[in-house]
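**Q** Next come the chains, spelled out residue by residue.
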Amino acid sequence: MAFHAPIATGRSNTGIPTGRLAVWWLLASEVFIFGGLIASYLLHRLNNENWGEIAANTSTPAGALNTFVLLTSSLFIVLAHAASERKDIARTLKFIWLTIGCGGIFLVVKAYEYTTEISHGFVLTSNVFWSFYYTATALHACHVIAGMFIMWMISHDVKISKNLHRVELIGIYWHFVDLVWIFLFPLLYIAK
Amino acid sequence: MSQDAAHGNHDARYIKIWGILVVLLAISVAGPMLEIQVITLITAFGIAIVKALMVCAYFMHLNVEKRYIWYMLIISVAFMGIFYFGSAPDVMQGSGTQWKDCVLDKSCVPTNDMAKDSVNYGILR
Chain P
1 MAFHAPIATG RSNTGIPTGR LAVWWLLASE VFIFGGLIAS YLLHRLNNEN
51 WGEIAANTST PAGALNTFVL LTSSLFIVLA HAASERKDIA RTLKFIWLTI
101 GCGGIFLVVK AYEYTTEISH GFVLTSNVFW SFYYTATALH ACHVIAGMFI
151 MWMISHDVKI SKNLHRVELI GIYWHFVDLV WIFLFPLLYI AK
Chain S
1001 MSQDAAHGNH DARYIKIWGI LVVLLAISVA GPMLEIQVIT LITAFGIAIV
1051 KALMVCAYFM HLNVEKRYIW YMLIISVAFM GIFYFGSAPD VMQGSGTQWK
1101 DCVLDKSCVP TNDMAKDSVN YGILR
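Chains P and S are the protein sequences, given in the same order.
Sequential numbering from 1 applies to the first sequence in my numbering.
Sequential numbering from 1001 applies to the second sequence in my numbering.
Do not rely on the hints blindly, as some may be mistaken.
When the alpha-carbon atoms are kept at most 27 Å apart in a straight line, the in silico BS3-like pairs for lysine-lysine are as follows [unchecked claim]:
id: 1; chain 1: P; residue 1: K87; chain 2: S; residue 2: K1016
id: 2; chain 1: P; residue 1: K162; chain 2: P; residue 2: K87
id: 3; chain 1: P; residue 1: K87; chain 2: S; residue 2: K1100
id: 4; chain 1: P; residue 1: K94; chain 2: S; residue 2: K1016
id: 5; chain 1: P; residue 1: K110; chain 2: P; residue 2: K87
id: 6; chain 1: P; residue 1: K162; chain 2: P; residue 2: K94
id: 7; chain 1: S; residue 1: K1016; chain 2: S; residue 2: K1066
id: 8; chain 1: S; residue 1: K1016; chain 2: P; residue 2: K162
id: 9; chain 1: P; residue 1: K87; chain 2: P; residue 2: K192
Chain S residues, not near chain P, derived (Cβ > 12 Å throughout) [to be verified]:
id: 10; residue: Y1014
id: 11; residue: H1061
id: 12; residue: G1096
id: 13; residue: T1097
id: 14; residue: K1100
id: 15; residue: C1102
id: 16; residue: D1105
id: 17; residue: S1107
In short, the hints are calculated from the structure, not lab data.
C-beta atoms are modelled at their ideal positions from N, C-alpha and C, and glycine is treated no differently.
Let's have the full structure, built from the sequences with the hints guiding it.
**A** In structure tokens, the structure reads:
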């Protein structure tokens, strides 16, 4: 039997490129992961009068800085996507690496926050607020790390002008990571 | 218009959207400083929704994406809503048909340690 290379990459009944469709399906499933977490948080938040006192110990400046960093990284990856569409390899790579850099800054700020909070005795088992806080932010940080790793892998292909459409795919994923943080920020840092 | 100019316009548009998002972030941080609950809710969550919609529309290009994707995402969020409202009564209320939250009415305090730690106990209901 003759070997046939996969042909799914360019075909789809929906009229949407298969890779992009797959990313959207992934994100639809992520809605349940983060949505479930946020919905549970909201239910407990609304049901506990003294929640605000315990939530008052998170650092709003650090959270705001991280929000700024992620918004900026979203700009960088969309500029990388725009550059990849016009096959400007140098500019695409530059913006991919800037996005990875922003991811790194985000993680450093998050690590600083964790260190401060843990040193003040606020750990995963302190109470339900801190359980939510560490679960949500650590899960989000895992997504940031995954996104940075995938971007690093894609950058190797970009260097040789291969699979440039993947810049758009990782971009969609990265914007979702930003989107989750946009909701986590007011929930964990502002609404005290 | 040349192709380069058109691309430059696209990039400038993305930078402009980013600028708006940063301004909205500043408002969402400054709003709660007034310590008025309604303003906190509007500036924190109202602006978060606006920022999220802007990221979806302009950065994720959902404004020009096919309807199939919209249906997929709307269904996901709708199921999330079902989960939310389905589980809300059990979490938000202290009793219901053939059940009651014994921790809430303090009739089943599990351990002495838990009772001593009033902060923890208040949250773990």
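**Q** The structure should be examined with respect to each hint, and the outcome stated for every one.
**A** Structure-based check of each hint:
1. P:K87 <-> S:K1016: Measuring from Cα to Cα gives roughly 23 Å; hence the hint holds.
2. P:K162 <-> P:K87: The given pair, whose Cα atoms are some 10 Å apart, holds under the 27 Å limit.
3. P:K87 <-> S:K1100: Between P:K87 and S:K1100 the Cα gap is close to 63 Å, so the pair fails against 27 Å, i.e. violated.
4. P:K94 <-> S:K1016: With a Cα-Cα distance of about 20 Å, the restraint between P:K94 and S:K1016 holds, given a limit of 27 Å.
5. P:K110 <-> P:K87: The given pair, whose Cα atoms are some 35 Å apart, is violated under the 27 Å limit.
6. P:K162 <-> P:K94: 16 Å, holds
7. S:K1016 <-> S:K1066: Holds, at about 25 Å.
8. S:K1016 <-> P:K162: 30 Å, violated
9. P:K87 <-> P:K192: 47 Å, violated
10. Y1014: 5 Å, violated
11. H1061: 8 Å, violated
12. G1096: It holds; S:G1096 is separated from chain P by about 14 Å at its closest Cβ, greater than 12 Å.
13. T1097: 19 Å, holds
14. K1100: With a cut-off of 12 Å, S:K1100 remains clear of chain P, as the shortest Cβ separation is near 15 Å.
15. C1102: 16 Å, holds
16. D1105: 14 Å, holds
17. S1107: 18 Å, holds
Against the hints set out earlier in the document, violations occur for numbers 3, 5, 8, 9, 10 and 11.
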